[in-house]
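Asks: Numbering follows our numbering, with no gaps: position 6 of the sequence shown is 6.
Keep in mind that the hints were calculated from the coordinates and are not lab data. Computed from a predicted model, the values in this text were never measured in an experiment. Check before you lean on any hint, since a few could be wrong.
[As the list claims (entries may be wrong)] In silico lysine-lysine, DSS-like type, Cα no more than 30 angstroms apart, as pairs:
(1) 102 <-> 127
(2) 45 <-> 102
(3) 127 <-> 5
(4) 28 <-> 5
(5) 102 <-> 28
(6) 5 <-> 45
(7) 45 <-> 28
(8) 124 <-> 102
[Stated by the list, open to error] Taking CB as the label site, the calculated pair distances span:
(9) 122 <-> 34: 35 to 43 angstroms
(10) 124 <-> 56: 28 to 36 angstroms
(11) 26 <-> 78: 30 to 38 angstroms
(12) 86 <-> 31: 30 to 38 angstroms
(13) 45 <-> 127: 41 to 49 angstroms
Cβ coordinates follow ideal geometry from the N, Cα and C atoms, glycine included.
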Amino acid sequence: MIQLKADNIRTAFGALAGLGYRPTVPVKAEQFADEAQRARWIRDKGMQVLNFHSEHYRPVTVDVFVTEPFDFDGEYEAAMQGELAPGLTVRFVSISTLIAMKQLANRPRDLDDIEHLRMIMEEKRRK
1 MIQLKADNIR TAFGALAGLG YRPTVPVKAE QFADEAQRAR WIRDKGMQVL
51 NFHSEHYRPV TVDVFVTEPF DFDGEYEAAM QGELAPGLTV RFVSISTLIA
101 MKQLANRPRD LDDIEHLRMI MEEKRRK
């Protein structure tokens with residue numbers, strides 16, 4: 001999840017491009033940074049996320065929400081942190097927030113993910 005500020009969007013597009021990721025539809029960072037344009041995509045196309053794909057990492061797609069589905073600053077502060085790779089610490093939203101995000105996306109794979117995430121939450125409650 002990225003906070004939808006123009007500088008953040010440009011940085012994210014650049015970082016994803018550096019890993020070989022490209023939007024699946026022809027969208028430039030400047031277009032995505034335009035809040036009014038994103039609102040039109042939501043209204044006219046029902047767009048919830050912008051998908052990125054990479055020839056180098058075919059099984060791993062990256063989805064960027066076209067709106068911030070929660071209070072970004074609050075979630076950022078509450079996020080779990082973990083080392084994704086040596087020297088690369090990243091933040092992860094809570095499972096309940098991830099479920100809410102997947103409910104908004106509402107794609108078949110997200111609905112399947114929700115089921116599994118709820119099972120993980122239930123396991124954690126039992127411990």
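Asks: Now, for every hint given, state plainly whether the structure supports it.
Replies: Each hint tested on the structure:
1. Among the hinted pairs, residue 102 with residue 127 is consistent with the structure: their alpha-carbon atoms are about 25 angstroms apart, no more than 30 angstroms.
2. Taking the CA atoms of residue 45 and residue 102, the gap is near 18 angstroms; set against the 30 angstroms cutoff, the hint holds.
3. For the hint linking residue 127 to residue 5, the alpha-carbon distance of about 39 angstroms lies beyond 30 angstroms, and the restraint is violated.
4. With a CA separation close to 14 angstroms, the supplied pair residue 28 and residue 5 stays within the 30 angstroms bound.
5. The suggested pairing of residue 102 with residue 28 holds, with an alpha-carbon distance near 24 angstroms, which does not exceed 30 angstroms.
6. Restraint check for residue 5 and residue 45: satisfied, since their Cα atoms lie roughly 22 angstroms apart, inside the 30 angstroms limit.
7. About 17 angstroms separates the Cα atoms of residue 45 and residue 28, which keeps this hinted pair within 30 angstroms; it holds.
8. This hinted pair checks out: residue 124 and residue 102 have alpha carbons roughly 20 angstroms apart, not beyond 30 angstroms.
9. The hint said 35 to 43 angstroms for the Cβ distance between residue 122 and residue 34, and at roughly 41 angstroms that hint holds.
10. The hinted window of 28 to 36 angstroms between residue 124 and residue 56 holds, with their beta carbons roughly 34 angstroms apart.
11. At about 36 angstroms, the beta-carbon gap between residue 26 and residue 78 stays in the expected band of 30 to 38 angstroms.
12. Against the hinted window of 30 to 38 angstroms, the Cβ-Cβ separation of residue 86 and residue 31 comes to about 35 angstroms, which satisfies the hint.
13. Hint check: residue 45 to residue 127, Cβ distance near 43 angstroms, so the stated range 41 to 49 angstroms holds.
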